[in-house]
Amino acid sequence: MDSALIWEIVIKSLVLILVLLTGFAYLTYYERRALARIQARIGPNRAGPWGLLQPIADAVKLIFKEELIPAKAYKIVFILAPIITVVPAIVITAVVPWGGTVIVGGREIALSIADVNVGVLYIMSVASIAVYGIVLAGWSSNNKYAMMGGLRSSAQMISYELALGLSFVAVVLLGNSMQMSQIVDAQRGIWFIFLQPVGAVIFMIATLAEVNRAPFDMPEAEQELSSGYSVEYSGMKFALFMMGEYTKMISISAIMATIFLGGYLGPGVDRLPWLGPLYMFIKIFILLFGMIWVRATWPRIRYDRLMAFGWKVLLPLSLAVIFITALGILLEQVWLIPILSLIAGGVAVLMVNLSLRRKAYAR
Amino acid sequence: MTVDLILFFIVALVAITTALGMLLSRNAVYSALFLVLNFATVAVFYLLLAAPFIAITQVTVYAGAIMVLFLFVIMLLGADALPESKVLPWQKPLAVTLALILALESVYLLFIRQTAAGGIGAPNAEFGSPQAIGTMLFNQYLLPFEVTSILLLVAMVGAIVLTKKQKGGQG
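Each protein sequence line maps, in turn, to chains X and V.
First residue of the first sequence? That's 1 in this note's numbering, and the numbers climb one at a time after it.
First residue of the second sequence? That's 1 in this note's numbering, and the numbers climb one at a time after it.
Next comes chain V alone, as it looks inside the complex (with noise of 0.2 Å):
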């Protein structure tokens, strides 16, 4: 168990730098690389909840794909090389409080009412495994699996039916 709190401390300071790394650096290409690393750090701790499927997806389709895909567009619109726009004047005093928020609700739910944390129970052994989640997927989360999938059909139809909008009407 004391192993485990060490690895969670190193890999939340981790998580933690490259977080604020990437809101800080100047660079739109150094900032998504500081998110990749982001996305690998969150896969470490879903390791130590002992969920590998979600682990190793996430690493798949968040730093494999989607952040791939962000790379492609900041290097093919030259976006890292573009002048520093205007701060909006609101964001500061509105970023903050919501920050307070947050950090106050969560004081409450682990330290004031600790119920909640303390409720949940470890995990059965074959809770992450791939066959378990298919199980549950396709039997008690059909429904919201279905229509996720149709979801992302229409965002891909949609996609394909604006490119060729722009060609000048020829598709």
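Bound-form chain X, shown alone (with noise of 0.2 Å):
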């Protein structure tokens, strides 16, 4: 380990936490304007050219505003929990690759901070670690509406996590790795969304729910829980929250982006590869569009029903999809693979409409 790898790193590390917070930043410009469009309003557009320096005012405004703890609160809890909801958010991202190796300056840089053999292993671990900063939020702030917020949210963190994992072991199992860049070099020939499209709908679904993003905010219900585990909390703290949630999104398109879409790969990147990190960017785009357009259209759905959502539907789906992808692999026919799949995947959506439909007749 000589001193120059080690100031590699850091100075990797610190250009993604920029690119990263600076991504959130104009994250949250970009849902609004988007969100504007969708609903036919303009959106933000008064600070600097087309609104562009809105970001910077937000910034501001929530520096300076006061900053609350109710007196009943657990104090050091209170504060702690929204810096453990945005540290998990930055760190999921140090296994993902965002382009091959460059050089710069004579010396051979790999355009990722830690390739390491169990890359999707960490990913999950490192999710499954997010949900103590909401859950503590919750619960430090001694207030119902905040506790139930906590509550719902560790309840669906959980249940959702089980078919964000097997959705996981699918893409495993077709890139015969563990290791995130050799993931990205399987899908050289095709990406794996083609081969697998069913796992990516269900991982689609899954993080939208780790995240706790419409259609599955109710952790932060307005209507109900007025605003939930954050409910107490304001200026910078509150920002520190919505930073954990809009970074989340960008980590999670990374990581779709990657495992699915190909990573950095796309036409000319083998001769250019400064292309790779800008091949991310689109991808990332296109995947936080759809985000956004999930929340403009869908409305939320209710408690129970998203619970049996995630038990009954996604987890057996993604058992079957996993069970699929092996047998694929196994006769060495791949493409029996996606077909065998979306038929599982039409027969799980006609489950679902069905019972539906039963529960409004019977009405």
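It is worth saying that the hints were derived from the structure and are not from the lab.
The beta carbon of each residue, even a glycine, is placed where N, CA and C say it ideally should be.
One or more of the hints may lead you astray.
Claimed, not checked - To give a feel for the contact side, a few chain V residues facing chain X, derived at Cβ under 10 Å: (1) A15; (2) A19; (3) V36; (4) A43; (5) T57; (6) Q58; (7) V59; (8) V61; (9) A63; (10) L69; (11) L71; (12) I74; (13) M75; (14) S129; (15) P130; (16) N139.
As the list claims (entries may be wrong) - In silico negatives: residues of chain V with every beta carbon more than 10 Å from chain X: (17) T17; (18) G64; (19) W90; (20) A95; (21) P144.
Said to hold, decoys possible - Calculated from the model, a selection of chain X residues having no Cβ within reach of chain V, i.e. all distances over 12 Å: (22) L53; (23) Y74; (24) Y132; (25) L162; (26) F238; (27) I322.
Once you've looked at the hints, go ahead and assemble the two chains, each given alone in its own frame, into the complex.
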């Protein structure tokens, strides 16, 4: 471990953190503009050209707001909770490869911070730690609405973590490795979203639930919990929760792009390695638009249905997806995988539809 | 090697402190949080022993899943606000005796009969990789692995049966 390597890792980490935090600021702007477009409004357009300075104005406003700590709150945990929410959202991206190797000043630099051989498991473990921030925020506020939000989110995140982990298994089977760079390399022929479309959809749904985004934003439902776990937070601490949520959106889109959309691969990336981060950016941008689109169009799912959907639909379906993937690899008939998994997904959609219809008639 | 040793002592200090904090804190939620930290330090130990797979699994399973469920139950039952229960009178002497026996045993093994500690050679480089563990788990230890999975399944079915009965025999 020479000192140059340590400096390289430190500089890469700093650059990644800066990019993620800037990305967070402009993601809020992107979301507000896109939501406004979908709802036939204009959106923020006053601060700077096209409202581009809006995130800076928001940050300044939140920094100078008064910070309230409720008298009955558990103070240490109350202050720690927003930090515990932000940190996993940032460190989860450490294993994502943002490109191949580039040469800077005669030195070969791999565009990923830590390409460990347990990359997929690392993502799972950091994702499972992420729930603490929200649960502790809900508990330490000493407020029943915050508490309900925290309990709901812990139940929801544990339930959807299973489907998330199982959809990772299909990718590990297809890529024949847990190392993120090898999973990307395995997609040189065909992206995994075409080999395992149902797995990709399960991953997308489970991640939406993991980051508490609409339509799975029960933990912070404004109408019934008055914004749930974050109800007692104000000023910069509230901003940290927002930062956690939006950074998680970026991280999760980056992971999804890496394991299903071929990561940094694209035309000409082998000759010009700097194209890798650009392709990643385009893919993440598109996935983020998908998340915003979902938020703009779908209403929130009722809480009992949300849990039932996670346990009774997503979990069996993801088990079926793993079985089909393993079968296709064992028989060496890769074309079987998308066909059979689409059939399984179709059956699942049909059954959800039938069960909903039966309940509607019974009433 | 010396860097590893310094790291080991720092992590060991953190592990002991968090374990004590878990035992001594009056609030059940704080105890649970100290236990989470303790699990995390144990994961660092595994990393120092060149076993990344087990380290990550430790974090995922214990810190990420089991302790979240613990916290969930503590919060749901409001156990953090329970009044202090009576201390069992025979608990303290028994704990001290058992701790003494353990300490003597480890002193004997480490310093008097040194062959046990010195006999363990350094593992080869592939020792802790996911591939090596997978191969071992599905060849050498296939039967224990399957038995464990059946055990977990039985526990799961048992939990479901118990909750069904509480609802008044409708399921």
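Legend entry - Violations among the numbered hints: Structure breaks hints 1, 2, 16, 18, 23, 24 and 25.
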